[in-house]
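K.L.:
Since the structure of chain A is already known, use the hints to place chain B on it.
2 protein chains.
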Amino acid sequence: MSEVRIGLLGLGTVGGGVVKLLESRRALLEERAGCRLTLAAVADTDLTRPREGLDLRRLPMTADAARVLDDPSVQIVIELIGGLEPARSFILRALAAGKHVVTANKALLAHHGAELYDEARRRGVTLAFEAAVAGGIPLIRAVKEGLAANRIRSVFGIVNGTSNYILSKMTGEGLDFSTVLKEAQAHGYAEADPTLDVEGLDSAHKLQILVTLAFRTFVDLKDIHTEGITRVGQQDIAYASELGYRIKLLAIAKASDRGGERAEDAGVEVRVHPTMIPAASPMAAVSGVFNAVFITGDAVGDLMFYGRGAGQLPTASAIWSDALEIARRIAHGVPALALELPQAGAAALPLRPMDTIRCCYYLRVMARDRPGVLSRVAGILGDNDISIASVIQKGRAAEEAVPVVMMSHEARERDMRVALAAIDRLPDVAAATTMIRVEGGPA
Amino acid sequence: MSEVRIGLLGLGTVGGGVVKLLESRRALLEERAGCRLTLAAVADTDLTRPREGLDLRRLPMTADAARVLDDPSVQIVIELIGGLEPARSFILRALAAGKHVVTANKALLAHHGAELYDEARRRGVTLAFEAAVAGGIPLIRAVKEGLAANRIRSVFGIVNGTSNYILSKMTGEGLDFSTVLKEAQAHGYAEADPTLDVEGLDSAHKLQILVTLAFRTFVDLKDIHTEGITRVGQQDIAYASELGYRIKLLAIAKASDRGGERAEDAGVEVRVHPTMIPAASPMAAVSGVFNAVFITGDAVGDLMFYGRGAGQLPTASAIWSDALEIARRIAHGVPALALELPQAGAAALPLRPMDTIRCCYYLRVMARDRPGVLSRVAGILGDNDISIASVIQKGRAAEEAVPVVMMSHEARERDMRVALAAIDRLPDVAAATTMIRVEGGPA
Numbered sequence: 102m103s104e105v106r107i108g109l110l111g112l113g114t115v116g117g118g119v120v121k122l123l124e125s126r127r128a129l130l131e132e133r134a135g136c137r138l139t140l141a142a143v144a145d146t147d148l149t150r151p152r153e154g155l156d157l158r159r160l161p162m163t164a165d166a167a168r169v170l171d172d173p174s175v176q177i178v179i180e181l182i183g184g185l186e187p188a189r190s191f192i193l194r195a196l197a198a199g200k201h202v203v204t205a206n207k208a209l210l211a212h213h214g215a216e217l218y219d220e221a222r223r224r225g226v227t228l229a230f231e232a233a234v235a236g237g238i239p240l241i242r243a244v245k246e247g248l249a250a251n252r253i254r255s256v257f258g259i260v261n262g263t264s265n266y267i268l269s270k271m272t273g274e275g276l277d278f279s280t281v282l283k284e285a286q287a288h289g290y291a292e293a294d295p296t297l298d299v300e301g302l303d304s305a306h307k308l309q310i311l312v313t314l315a316f317r318t319f320v321d322l323k324d325i326h327t328e329g330i331t332r333v334g335q336q337d338i339a340y341a342s343e344l345g346y347r348i349k350l351l352a353i354a355k356a357s358d359r360g361g362e363r364a365e366d367a368g369v370e371v372r373v374h375p376t377m378i379p380a381a382s383p384m385a386a387v388s389g390v391f392n393a394v395f396i397t398g399d400a401v402g403d404l405m406f407y408g409r410g411a412g413q414l415p416t417a418s419a420i421w422s423d424a425l426e427i428a429r430r431i432a433h434g435v436p437a438l439a440l441e442l443p444q445a446g447a448a449a450l451p452l453r454p455m456d457t458i459r460c461c462y463y464l465r466v467m468a469r470d471r472p473g474v475l476s477r478v479a480g481i482l483g484d485n486d487i488s489i490a491s492v493i494q495k496g497r498a499a500e501e502a503v504p505v506v507m508m509s510h511e512a513r514e515r516d517m518r519v520a521l522a523a524i525d526r527l528p529d530v531a532a533a534t535t536m537i538r539v540e541g542g543p544a
Numbered sequence: 102m103s104e105v106r107i108g109l110l111g112l113g114t115v116g117g118g119v120v121k122l123l124e125s126r127r128a129l130l131e132e133r134a135g136c137r138l139t140l141a142a143v144a145d146t147d148l149t150r151p152r153e154g155l156d157l158r159r160l161p162m163t164a165d166a167a168r169v170l171d172d173p174s175v176q177i178v179i180e181l182i183g184g185l186e187p188a189r190s191f192i193l194r195a196l197a198a199g200k201h202v203v204t205a206n207k208a209l210l211a212h213h214g215a216e217l218y219d220e221a222r223r224r225g226v227t228l229a230f231e232a233a234v235a236g237g238i239p240l241i242r243a244v245k246e247g248l249a250a251n252r253i254r255s256v257f258g259i260v261n262g263t264s265n266y267i268l269s270k271m272t273g274e275g276l277d278f279s280t281v282l283k284e285a286q287a288h289g290y291a292e293a294d295p296t297l298d299v300e301g302l303d304s305a306h307k308l309q310i311l312v313t314l315a316f317r318t319f320v321d322l323k324d325i326h327t328e329g330i331t332r333v334g335q336q337d338i339a340y341a342s343e344l345g346y347r348i349k350l351l352a353i354a355k356a357s358d359r360g361g362e363r364a365e366d367a368g369v370e371v372r373v374h375p376t377m378i379p380a381a382s383p384m385a386a387v388s389g390v391f392n393a394v395f396i397t398g399d400a401v402g403d404l405m406f407y408g409r410g411a412g413q414l415p416t417a418s419a420i421w422s423d424a425l426e427i428a429r430r431i432a433h434g435v436p437a438l439a440l441e442l443p444q445a446g447a448a449a450l451p452l453r454p455m456d457t458i459r460c461c462y463y464l465r466v467m468a469r470d471r472p473g474v475l476s477r478v479a480g481i482l483g484d485n486d487i488s489i490a491s492v493i494q495k496g497r498a499a500e501e502a503v504p505v506v507m508m509s510h511e512a513r514e515r516d517m518r519v520a521l522a523a524i525d526r527l528p529d530v531a532a533a534t535t536m537i538r539v540e541g542g543p544a
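Taken in order, these protein sequences are the chains called A and B. Here our numbering is used: the first residue of the first sequence is 102, the next is one more, and so on. Here our numbering is used: the first residue of the second sequence is 102, the next is one more, and so on.
Mixed in with the good hints, there may be bad ones.
Same chains, same names: a pair is fine if it fits in one copy or spans any two.
With a straight-line cut-off of 30 Å between C-alpha atoms, the simulated DSSO-like cross-links for lysine-lysine are [stated by the list, open to error]:
no. : residue 1 : residue 2
1   : Lys355    : Lys121
2   : Lys245    : Lys121
3   : Lys283    : Lys270
4   : Lys495    : Lys270
5   : Lys245    : Lys283
6   : Lys355    : Lys323
7   : Lys245    : Lys323
Keep in mind that the hints were calculated from the coordinates and are not lab data. The structure presented is a predicted model; accordingly, all values stated were derived computationally and were not measured.
Next up, chain A with everything else stripped away, as it sits in the complex (with noise of 0.2 Å):
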């Protein structure tokens, strides 16, 4: 039996979990990978934290990435350092030395995937990234080759555990923002700095992996219109739950038909933001620190991957699946097939400006109840083309401000930013008014 010798960069969570599965299962491993398995190398800049269920004596641990990057023994390198740099070198390093890479590191992915994608090519070795998209769940090939005859349409993921697990929390349990996010914290469920998070920024990077594989188009990570959930209110989570949606962070994707009306119509919009989705669907289940991914094929229809999105295992997992597969190919003696990436340049799709999307709007202005008021705001969302599908005012009160609820029908979102910024200026208006797009047709 042949050896395939593998190098270990980081040993946080993730890292600590891959030496784990390999430990409790290394004949179940093996067997499927044809070979024998060897951690060559451990590198990590800490040496001495201890490790829950490692006993770090035993693992070739070094303070060292170039014993892993520079043995010429080590075939598979498993980058789990995170983070842009050195993460970046250590991975171009590796490919130009001829070896292949598994890495779970999507902000770096989607910050310089063309770079490292291109680089893999040139060196006729593989880029793995199962782990980089939705931790567990094997969405990555599922895309790459499961859809391969299919025009991809649309894709909706709930691609990030915390803002889930924190929006479920104050949808269930009537809980503000800031309460949830400081228990997410207390339970690890998120990062003491949260911002990645919180902001979008994360699924972000998720959906440039995404609409790569899915579209066969580059986009630029700050082209990606991105709004995180630290603007959702308790009141805005009552309100959808009374008008038949939930509220969830959307990483979306939709291809338009080239033959629309307008030719700003074509290409792909891709965002990432809160959004309103009717109760009943598929997607409003999903609860917790789960991810799904809903994807839409001309071929095959609606399709949906559940699982975790994060954690020790899952994301370990998801990184075995990776390093298996490539094992197998070297001590087969079979090469790499080229990744069927684009090109850096060459979109398939152009990216249409967030300006010219289309979609149902939920409102919430807070106005002073006095006459004509909501004829006023009535009138600006008309004058911009902009129609009102229901309305909900409750309460009175002459001189506080109170919640004038609206739905739209279907308007523009370049029309909704000029509505919105006149009633803002209107001076029965109090508070700059709450918006969140809906997706998935009527409650």
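P.N.:
Just chain B now, with coordinates in the frame of chain A:
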């Protein structure tokens, strides 16, 4: 650009979809395969029946399967004849001639999979069958590759769209089985002879294939306990709702801990039957012709895959996912890796006899409402180690039988069967007791 030549056996619904996808998106498929794709021959016994959306005069039609099987230029054979023979002989002949085979034929794989997998391995070619289970859902590659580092704990599948459509309609509209079956036949959701679907056999075929992959255990089809939905009554559906459950036809496989208390609890239990699941569980929301498969792996945790389990284009999408992968390897001169399947007879886990499984049970006893009947039924259950969690008894009629509905705590199948036989011998029990197994914990 090199060329890969494909032969098609069977131009029925799915075969027509395979041709339509090639005709409607040849450039996309050829780009992903990395070669030209040529339909060398299409064999069907019926050369004249019009196929919607296809111009038969432009297809290389033949009534002689040998034109596909004996043409040395054909590299990939797509078998869509269905049934056992001549499909089995044709596939063996294709494999023996060194051709790769793609099939959607679940009945054939469930009956003769071991023989076919062995022949493919011996000849060094690929036998691919993504389309055989759960139609368009890319489930096979998820289980085979995506979960390779997991010990699978359980598989719960809604894998027969016809049965799920019928049960969904019975639940949603309060109709009885035979009314909904007729309507399903009128809509084309059920065959004129619906036996394979409604008696659970089609689900058993798919479960046999999934168990082979997920548990690396060949199970003989005749050893899979299989019950269909024909005896599910409208009143059972109504009681299920009242108790907080839905009734679904589930294909179930579960591995038991080998370290269990009793030796007979070791192994894998494999069964197909109507099942009550909590109304709030994700699978309860899977309605109509959709399929869903819920898998728990020891590393990855819970996963669910959801999508269209049948239909022309969803199934053709799965066929092409396999064919494109094979064509890509041929075009790049990369040899096939042998199917990672257990050899026939080499079961990783023993099959657990049905008598030894444990679950909760729903019972509907039709009893004349006389003093002491309930106590006699309860006595029989107690004597057989079955304890009752709840009882519903409605209506009173001394002469007519009225339903007494009971939910048991977890009990052993063998004990339940003994108890049921005794209950049905009671003079005041007017009809055979209806028993439905319950999974997924309390509602």
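K.L.:
Indicate which option fits the pair Lys245, Lys323 if close means a Cα-Cα distance not exceeding 30 Å: within, between, both or neither.
P.N.:
within (24 Å within a copy, 37 Å between copies)
K.L.:
For Lys495 vs Lys270, is the C-alpha pair at or below 30 Å within one copy, between two copies, both, or neither?
P.N.:
within (25 Å within a copy, 39 Å between copies)
K.L.:
Between the shortest in-copy and the shortest cross-copy C-alpha distance, which are at most 30 Å for Lys245 and Lys121: within, between, both, or neither?
P.N.:
Close inside one copy (28 Å) and across copies (21 Å); limit 30 Å.
K.L.:
Is it within, between, both, or neither for Lys355 and Lys323, if the alpha carbons may be no more than 30 Å apart?
P.N.:
Within one copy, since 18 Å is at most 30 Å while 46 Å is not.
K.L.:
Quick one: Lys355 to Lys121, C-alpha cut-off 30 Å, is that within a copy, between copies, both, or neither?
P.N.:
Close across copies (24 Å), not inside one copy (39 Å); limit 30 Å.
K.L.:
When no copy is specified for Lys245 and Lys283, does a C-alpha distance of 30 Å or less occur within a copy, between copies, both, or neither?
P.N.:
Neither: 38 Å inside a chain and 40 Å across chains, both beyond 30 Å.
K.L.:
Can you give me the call for Lys283 and Lys270, within, between, both or neither, at a CA distance of at most 30 Å?
P.N.:
The answer is within: 12 Å in one copy meets 30 Å, while 45 Å across copies does not.
Hint 5 from the earlier list is the only one contradicted by this structure; the remaining hints agree with it.
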